[in-house]
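Q: Just need the whole structure built from these sequences, with the hints factored in.
So the protein lines, in turn, are chains A and B.
Residue numbering for the first sequence follows our numbering, beginning at 1 and increasing consecutively.
Residue numbering for the second sequence follows our numbering, beginning at 1001 and increasing consecutively.
To be clear, the hints were calculated from the coordinates, so they are not data collected in a lab.
Check the hints yourself; a few may be wrong.
Partial list, computed: chain B residues near chain A (C-beta under 7 Å) [what the hints assert, rightly or not]:
1. A1006
2. R1016
3. S1017
4. P1020
5. E1121
6. Y1163
7. G1179
8. Q1181
9. E1289
Positions of the beta carbon are idealized from the N, C-alpha and C atoms, including for glycine.
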Amino acid sequence: MHANTNLNLASALGLGKAVSRPSSIFARVGRVSSLARSRLIDIRDGEVALFLRVFFVLMLTIAGHTLLETARDALFLAKLPAKMLTLVYVSVAVGLLLLTPLNVRLTRRAGARNALVVSLLLVAIVTAWFRTRVPSAAVVFALYVFGTLSATLLIGQFWQLVGSLFSAAQSRRLFGPLASGGVLGAIAGAGIATALLEVTPVRSLLSVATLAYFSAAWLASKVPLDEVASAERARTKLAPELTKLGKDPFLWRLAAIAALSIAASTLIDYLYRAKVASTLHPSQLGPFFARYQLVLNVGSLLLQLTVTSSVVQRVGVLGLALTAPILLTAGGALSALSGAAFFVVVTLKATDSAMRNSLGRVASELLWAPVENQARGRGLVDLLVTRTTQALVGAGLLGVTLSHTPSPVLLAGCATALCIAWLVVGMGLRAPYIARFRSALSRGSVERDFTLGELDLTSLEMVVESLAKPEANEVIAAMNVLAERKRARLIPALILHHNEETVLIRALELFAATDRKDWFPLGERLLEHTSPRVRQAALRAFARAGVAPVLQRIATHADPTLRAFAALYLAQLEDKPLPGDPLCWELFRDDDEDHTLKLAFIETLAAHPPSDATRILLGLARLPALLSAVTESLELVGDESSIPFLISRLPFAEERLSARRGLVRLAEPAFQALRRAILDETSARRVRIHIPRSIAAFGTPAAVTLLVALMTGDKEGLVRYKALRGLGQLARETSLVIEVKPTLEELKRNALEYLRLFSARTAIEQDTGDKPRLAVKLVIELLDDKIQQSFDRIARLLQLVHRGDDVRTIFSALMGADSRQRGRAIEFLDALIRGLGREADDVAALLRLVVDDLPASERAARAAELVGVFASAQDTLAQLSEDSDAILRDLAVHAITVLGKPRDSGVPSLAQLMERPA
Amino acid sequence: MTITDAQRVKRELLLRSLFPTMPLAAHVRFIELLDDVELKAGEFAFAQGDPPDRFLFLTEGRVALEAKGQLPLEFSGFAVVGVIDAVLDRPRVRACRALEPSKALAIRTVDWFDMLEDNAEVARGTTRNFATRLYERWRELAPKLPHYSTPPAGQVPKDFATYDKILVLRQATFLQRVGMQAVASLATVAEPLPLHAGESLFEANNDGQYFYVVGAGLIELSQSSGFRITHTVGDLVGGPASFCNALPNYAAHALTDAVVLRISEQDFYDQAEEHGRLVRGMLAFLVSELEAIQAVDPE
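A: The structure is reproduced here in structure tokens:
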């Protein structure tokens, strides 16, 4: 496929340069990532209005919270000692334990949007109330607890709402930019706070916060209601979720991550505030917190704009989930090693805050995306896990601070240890994450056994029962089930009393192949059966079983046909030399037009093969009518000299299976012969195209290696495809290792081919409108076929890499009308491919371009960098007229000739006649 | 998801008795691709408008295919249910409801087509099965259809290049769903046979080894029993008879100057092995014709 694809792609790129440097195409694959990176905000038609609404809701909410937080921090540390923070943590946790069920209930009853609107209004009112109060110690304490509680609830509600509004694939694109809204809000809030604190007291910030919350509530009320939320609220019960959480490896990991991250964050927060309180004078606190928020959030915004999108695209969701613990582990360790230096601790806290509101938040949202009815699971994690952990950490800190002031270095060390544990849990997310998508796409993993198993007692009873059925087909089926498992002995000889001719014939065939003798008396009776077919079957059975005395008796039978057969079999059984050309044997002198004697001889030859059986069979094979029977016999008795014949029979569907089995029986010499035949370009095409599946039948590592080489390197497209199918069969039915790297390269090529054909088709269609000329229409139809073919091959190649997954179902979901399922399928594919190395990440990016929900023109525009530009129909057809595919080339040439001509000319050609409507 | 030995054997017994000529390897694969479906009375196996992603082998009980304003179609004992939508790749036209507690085995359409693509014998057997069913109805009803009573004369071109063959085959009803790649490949092996008015295309007792597609003009198919129909451009001469070895029962000759594209059966099935859509498209043709005939005359 190398040469072909390169040529196709080069011509598609339309560049002489590309033809002279075919390898450059693969370098271009690497640009896919940069292609994605270059698009900071990928918002598509139909998404803009909704995105902007939720963006500003978040921005205003966070702006309000930043103002409140600045006032809160400054007032608290000015009024109360830092160790009182520990009591705040406990109070916040207890408060959330009480509020979360109310929040869950509210969300269920009112829906995510309405819950957010109501909460924003309440927070606005309470904030306004705090503005009116004198800042006593109790009020300041309450304000601190309220600020934390409100932020946690509002942000949680907001992300729950957007999680229900966007699909998994949309989330991946939009959550990064959406999180920027939060950062912008924080900058705005911090900026306003910094400016106001120059002229007004800290409490005035609460007035502006109230305004921000009210505005956010108004805007949130404009967000549409979501159907999923409505469906969820009707049937949610929290209690059974506990059991589910414990049993689900993905959910308990998410819960563990939530617990570890909140514990680490609480420690870092305490460390930071204690450090600030001990370092700065109370009068410096307000301006410090305002400037800190400003710097922090400007930094976050830059991070968001420059890093988040590319990180999400590049490392995927699972990589993203590890970013925060990695950075915090490093920051925590540095803090501990530096003796908790002020600047380092502030940086650590800034990192935690920035991560929590940007990458960490996006990662969390994306990780929850594949969870069905996520509101329930999240509610449980938030209610029990996060808050309990927070309460425990707060209580622990409170206990410690009652006796002494904890060492900042120790706190930094503990935070580091928690981040390491978080990292370890995060690293185990991949498998359950993929399993989650698998389950969401509703087809479990594929574990299938393509071998015949032994019969257990229940099965045996069932088979024996079927042997007694009146229906011939059922009895034959039962006999075949036993015979295929080498259990023909279990078929009772009494079956020869059956009324049905077909049952008798099959039973005789099976008995003859065993060494049992109990059927002889009944079999001999059948020599007198009214049906000549049964009589002949009985005779054949005795011949195959080598029962000479019975054959000798038949030699005097009244039926002349039976006598002739008996003579033939006896001659064979007596092992008389059979020299010369079998077609000229005296034995066959009286054979009929249908070659009945020769066919009977061929059959028994397989049962009792003489040393020169292959020679005799090949001699008989000169008669076309005997070819099929000869192939069947050679399957059982052919020696190495039969290999060329068996290979030559592969093109014939009815003989192919026998020929393949015969070749597999001959093992290595046959395998080598097949290898030579497939590598020989002069071999007949009709033979070559059936060799890959024959090679697969060997089921050996060498077969896999050869098939991989054919899949990636053969010049003939059909041979490459059959090799892929052969590998698919081996992936399904064996545990043989199939190398990933060549498969990934093949995936790249097919994805590029898909994009090339897709871009070409889009250009032609855009340029020729709804009613293209017939010649152009033919090109479009052919391109459609080829696009579908590339898509199918991509699915099959992915199946090779992920043999345990049902990739075809995922692709069906991609083609379906359900946008939520499509989104899941896209994410699932992405998660499946990533983690197989750097090359796999490139393939994932390329596949994203193939499968993503994009308008045709947009996909073509994005693919232009990889597959070249198709400027117009004329230009595209000109490129296709040099394609490596002869049919496409010819049709393109035809289309070019008609494109410039008027539709009607003097003499109607066949094409013109057909172009007219009937 | 693995199935138990007993389940496997049960399925094997069923499939072997239903499809005795299917090769063992195909049986083994088939067994693994099936899913058990149990329906309570009144329960739906699929609803109207559902995607045709699978079809059922009813093994026990009774089900009905129902659509508003139409008579229900009942199935009991062993029956294949829902295959027509699957082959035609269209949303379910009728809902499938169990009339009593029923059991079935379901196979995904995509797996079934994969199996047909992998096994030429099974594909040919399946085609023949559908063709035989269609042929039985066709020979009774085809002469009565209005299309065959007043055929247009058509225009006969002098040359028939590959491009022209593509145009003709693309119009052939039995190739409407096979895709351009398959059509173009068939065009490369199709042999144009120019015929003068009155000239014989084939006689009765012919070897039946070819498919004939009318490229221009009119061809009459006839039988000594008096059966007589006229084929026009795009028609497969003999219709379903070509797919079930029944063509030797007929003779055909040109009513006007005509061109017929002749494709050997071997070449045709070779191409079918190369282009999976060719088998699918042919089945779709046979099934849609069968459905159309059943709609006209349910008996």
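Q: A separate judgement is required for each hint: does it hold in the structure or not?
A: So, going through the hints one by one against the coordinates:
{"no.": "1", "hint": "A1006", "result": "4 Å, holds"}
{"no.": "2", "hint": "R1016", "result": "3 Å, holds"}
{"no.": "3", "hint": "S1017", "result": "4 Å, holds"}
{"no.": "4", "hint": "P1020", "result": "6 Å, holds"}
{"no.": "5", "hint": "E1121", "result": "6 Å, holds"}
{"no.": "6", "hint": "Y1163", "result": "6 Å, holds"}
{"no.": "7", "hint": "G1179", "result": "4 Å, holds"}
{"no.": "8", "hint": "Q1181", "result": "4 Å, holds"}
{"no.": "9", "hint": "E1289", "result": "19 Å, violated"}
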